[in-house]
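Sequence order for the protein chains is A and B. 17 is the number that our numbering gives to position 19 of the first sequence; each next residue is one higher, with no gaps. 278 is the number that our numbering gives to position 282 of the second sequence; each next residue is one higher, with no gaps.
These are calculated hints, taken from the structure and not from any lab test. Any given hint could turn out to be false.
Each pair of labels, with its calculated beta carbon distance range [what the hints assert, rightly or not]: (1) B:P495 with A:R78: 30 to 38 Å; (2) A:I15 with B:P633: 43 to 51 Å; (3) A:I15 with B:Q684: 24 to 32 Å; (4) A:E42 with B:T518: 43 to 51 Å; (5) B:L567 with A:R78: 36 to 44 Å; (6) A:K19 with B:P633: 45 to 53 Å; (7) B:I499 with A:G55: 36 to 44 Å; (8) B:L559 with A:R78: 40 to 48 Å; (9) B:R460 with A:R78: 57 to 65 Å; (10) B:L567 with A:Q4: 54 to 62 Å; (11) A:Q4 with B:I499: 44 to 52 Å; (12) B:M639 with A:E42: 55 to 63 Å; (13) B:T518 with A:K19: 23 to 31 Å.
With a straight-line cut-off of 30 Å between C-alpha atoms, the simulated DSS-like cross-links for lysine-lysine are [claimed, not checked]: (14) B:K77 with A:K19; (15) A:K19 with B:K526; (16) B:K513 with A:K23.
Beta carbons are placed, not taken as given, at the ideal position from N, Cα and C, and that holds for glycine.
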Amino acid sequence: MRKEAQILLVEDDDIDIMGIKRALKSLKIANNLHIAKDGIQALEIIRGDNGQQKIQGPFIVLLDLNMPRMGGLEFLDVIRNDAQLKSTVIFVMTTSSDEQDICAAYSKNIAGYIVKSNAEESFLQALGLLEHYWRGIELPTG
Amino acid sequence: MRFKLYLTPIISLLVGITCAILLFIFVSSSQKAEQAGVFHRQANSYFKTIESALHSSRGLLVSLKSFIENSDNLSKDRFDKYSKALLKDRKYVQAMEWIPKVSNDKRSFYEQLAQSQGLNNYQIKQGKFGNLKPASFRPQYYPVYYVYPLTGNESAVGYDLGSNQARLSALQAAMDTGKAVMTAGIKLVQETSSQSGVLIFYPVFKGGVVPAAIEERRRKLLGFALIVLRVGDLIDHASAKLPQQLALLITDKEDNQSLYGDHNTKINKHNLHFQSNLSFAQRNWEVSVTPFAGEGLHPQLSAWLTAVGALIISVLSSLHLLQLNRSHRQISLEVARQTKALRLSEQRFSLAVEGSSVGIWDWIDVDESTEYWSAQFYHLLGYKNLEIKASKQNFVRLLHPNDRKPAAHLLQRHLTERCHFEIEYRIQHKSGEYLWFLGSGQAAWDAQGKPLRMVGSIQKIHRRKMAEIAINRYAEDLQRSNQDLEQFAYVASHDLKAPLRGISNLAQWIEENMAGKMDPETDSYMQLLKGGISRLENLLAGLLQYSRAGVGESRTESVDLNLLTGNIADLLCAEQLGFVINFDLPCIQVQRSLINQVLQNLINNSIKHHLGDSGQIDIGYQRLASEHVFSVTDDGPGIDPQMSDKVFQMFQTLRPRDEVEGSGMGLAIVKKLIERCNGKVWIDREQQQGCCIKFSLPIDD
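One chain only, chain A, in its complex shape (with noise of 0.2 Å):
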């Protein structure tokens, strides 16, 4: 089931990256993965524009909250006011259980949240909810 699904990684630190890919990969997910730069990049690998190849099929957003351009907040920002995108399925990435960013994130009506210090765990917490969440927009099963 997990094939069908691809995940957009939307994270400007290469060490981060590089952990989230870890995670993945002791987790055997071998899911389709895009990366983006920063939100503006994201957005532009969901629409398909500035030449970039469109995601196709159903897929999550994992969203990093500091990058330069467009920052994760405001990338939520402009996702929920799109009718398309608004029911997009995101995952905010926090250094720290930094309350603010997550009360912040919460309010943008965001899946959950991952802990990039300890991504393993937090990401099969995450997963574990995402499979509810796949059920719910009845994707193939398999």
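Here the structure of chain A is known, so what remains is to put chain B in place on it, guided by the hints.
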């Protein structure tokens, strides 16, 4: 003073008494004049009444005479009939008589004629009444012939009037003048009372005409008509309808004989008296009228009442005047006392103004610019007294341009809304420098709320104000600096965290990738690297925690400290670590997160720094008047007194990093939290063993 008090009342009283007397005299004299007027009118009407009574009697007589003249062979019957008709009921007429002149030769004819008409034994007689005798010889007789009414007059019948000298002379006078003649008062033959009577004769001549010459009159005389009047009855009858309070006296002037009235009646000489002559039928009567004794001119009750009334009024007004004088005197004393008090008050004020360090201004009329400035006012601004004009205009000119608008605004609000007038402003000193002053003032308003006047002061506060401005600047600087520091701490710890985490991740991944392939030396380096990363993470976490300590909510709530402390003990696994925490705490009003963080840090410190395997921690609480005081006491190694100041600084730990895992931020965070809400934290040095940290928080009700 005393004399003055009574002078005007006494004068008033004297004037009042004089007025009362004058009033009495005036009233009584006008009463007397009125009484005299009334008396004279009454007396005069008495006189007229008597006169007219006599005239009407003569009228009777004239009628009788005419009747006789026109009657030939007058019979007694006709005489009686006519007389009766004339008399009617005139009681004062004693009789009406016919007196013929009878010559001696006709004497017996007349006597027989009379006898033939029913007058039995008629004889011409003379002598004393009651004892009449036949008349002696005389050439002529004047006998009473016909008499009406006969009854009561019988004794007069036949009496020869010529035999009596008084009557005869009256007869002769009447005959000679041809007019009516009245006799003097005589005692009437018929009279039973004491009153006088008078006879009026009227001569009857042949042919009915009075001859011109006396000789002819004597010759042609036929006789006399006679009317006999009772004077008393006449007067009483005539005056019956007049007031009876007057005494009437009538005197015949020729023989001074009293005809009417009691001549013994007392006549008050200065009293009223009326006297007049009545000439009638050739006789003169003196009629005099006086009030009866006791009547007449006396001051009457009304005059007395007027006088007494005036007297009472004047006494009362004098008393009132006395009272007024007294109260006036009291008022004068009071005015003098208040004047003195006012002078003292003014003196006090001027002394205060002169001695004061504040400058006084008095805006005497708020509609005008002119003011009063005290000498000190000028002095404060570097001027000599009165060197410049004291006016609102000048004051505004001296004000710092930036302070004019606020001052004008506040003044306006004071005058209209009566809000407190106190303002700090700059006023230009004579040297040109602007100095700070505290200005205050107070207006006075009239009943309609219109401001009338305003008085106030200026007080030099330049030095204080400059210090205040400097302090404010320092405080602002300090606050900015603190904010910068906190911001720095936050940013530093936050931003340092991301690369550190990268390093930590990389170290972990290297270790994972090289698992089992590292030689022991490399492995030990790896452990040291991880230890350094971990310590750095702790430091950064502590720094972040410190920078954010106390930020946010500062609302107090009711907190059950026993419950809170129990939760902390559970969180720190105190029991599992062998620690007993003793507490018996109340429920107080406090910031929950603050007290939680502080107690957690302190208990954590006690556990972390305790050397033994087990220990005891006592949490104490004491409520003082204005603050809560807490103590956290342990039985650990304690703190070296020399180090007790250092422990509250950041990153301070007293023991090697390797032995105890600590950021060195615990007590620094506690200190910051407590001081943020005006509390204090200190180490209790009296504690012999272990460590006792105390902190206080202000009581917030």
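- Please flag the earlier hints that this structure goes against, numbers listed from lowest up. 3, 10, 11, 14
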